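S.K.: Sequence:
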Amino acid sequence: MKLPLLAVFALVSVAHCEDGARLLASKSLLNRYAVEGKDLTLQYSIYNVGSSAALDVELSDDSFPPEHCGIVSGMLSVKWDRIAPYLFIASNMSHTVVLRPLKAGYFNFTSATITYLAQEGAQVVVGFTSAPGQGGILAQRDFDRRFSPHFVSTFPWTMEKTTPGIAIMCLSALSKLLELVSSSVL
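Sequence positions in the sequence shown follow mature numbering (1 follows the signal peptide of the UniProt record, and there is no 0) and run -17 to -1, 1 to 169.
Just so you know, the hints here were simulated from the structure itself, not pulled from any lab data. The reader is advised that the hints may include incorrect statements.
With a straight-line cut-off of 25 angstroms between C-alpha atoms, the simulated SDA-like cross-links for lysine to any residue are [as the list claims (entries may be wrong)]:
| id | residue 1 | residue 2 |
| --- | --- | --- |
| 1 | K21 | T93 |
| 2 | K62 | R83 |
| 3 | K144 | R128 |
| 4 | K86 | G20 |
| 5 | K62 | V32 |
| 6 | K62 | L100 |
This structure is a prediction, so every number in the text was calculated from the model and none was measured.
With the hints as constraints, model all of the structure from the sequences given.
M.R.: The following block contains the structure:
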């Protein structure tokens, strides 16, 4: 009897102590392969799991220097006035950025920074998104070598394998026709 009562009291006290917004943020790469000179799509997802709206939410990602990546679409620093708590509709936000890697090689995809106010008049809370980690950016020619249809190399091989069979069948039919013609003439 005392244990369930203690558990209920603990849950109520934890729920009461957790006032304000609490944001969970993730950063993910949507492309299967990162290729030099091709678009790379990043998605940032922010969820408010707290009891009130998060105010003055700002997401900034400084992990992509201009000499390594160009921005095709979107912004690496965005701001929202508020993100509603999970009890209401639209309690999450997602933001997408399309980048174009300029150099091949390994790249460290680090986390982005998120700042917000948990309540009116509260101190600024600083958090970080999840980090995808280190990944390789393939050179364009390596990507083409691995994943192109290889028509130029496949077509001659196909012709090499099928042409002798067709030639043998044609010669066989021609010899039978010549035999038939020569036997009917005599």
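S.K.: It remains to establish, for every hint, whether it holds in the given structure.
M.R.: Right, here's what the structure says about each hint:
The suggested pairing of K21 with T93 holds, with an alpha-carbon distance near 20 angstroms, which does not exceed 25 angstroms. Taken as a hint, the K62 and R83 pair is honoured in the structure, with Cα atoms around 23 angstroms apart against an allowance of 25 angstroms. With a C-alpha separation of about 23 angstroms, the suggested pair K144 and R128 falls inside the 25 angstroms cut-off, and the hint holds. Proximity of K86 to G20 is assessed by CA-CA distance (about 8 angstroms); at most 25 angstroms being required, the pair is judged to hold.
With a C-alpha separation of about 19 angstroms, the suggested pair K62 and V32 falls inside the 25 angstroms cut-off, and the hint holds. Distance check on the hinted pair: K62 and L100 sit about 12 angstroms apart at the alpha-carbon level, within 25 angstroms; holds.
Violated hints: none; the structure is consistent with every hint.
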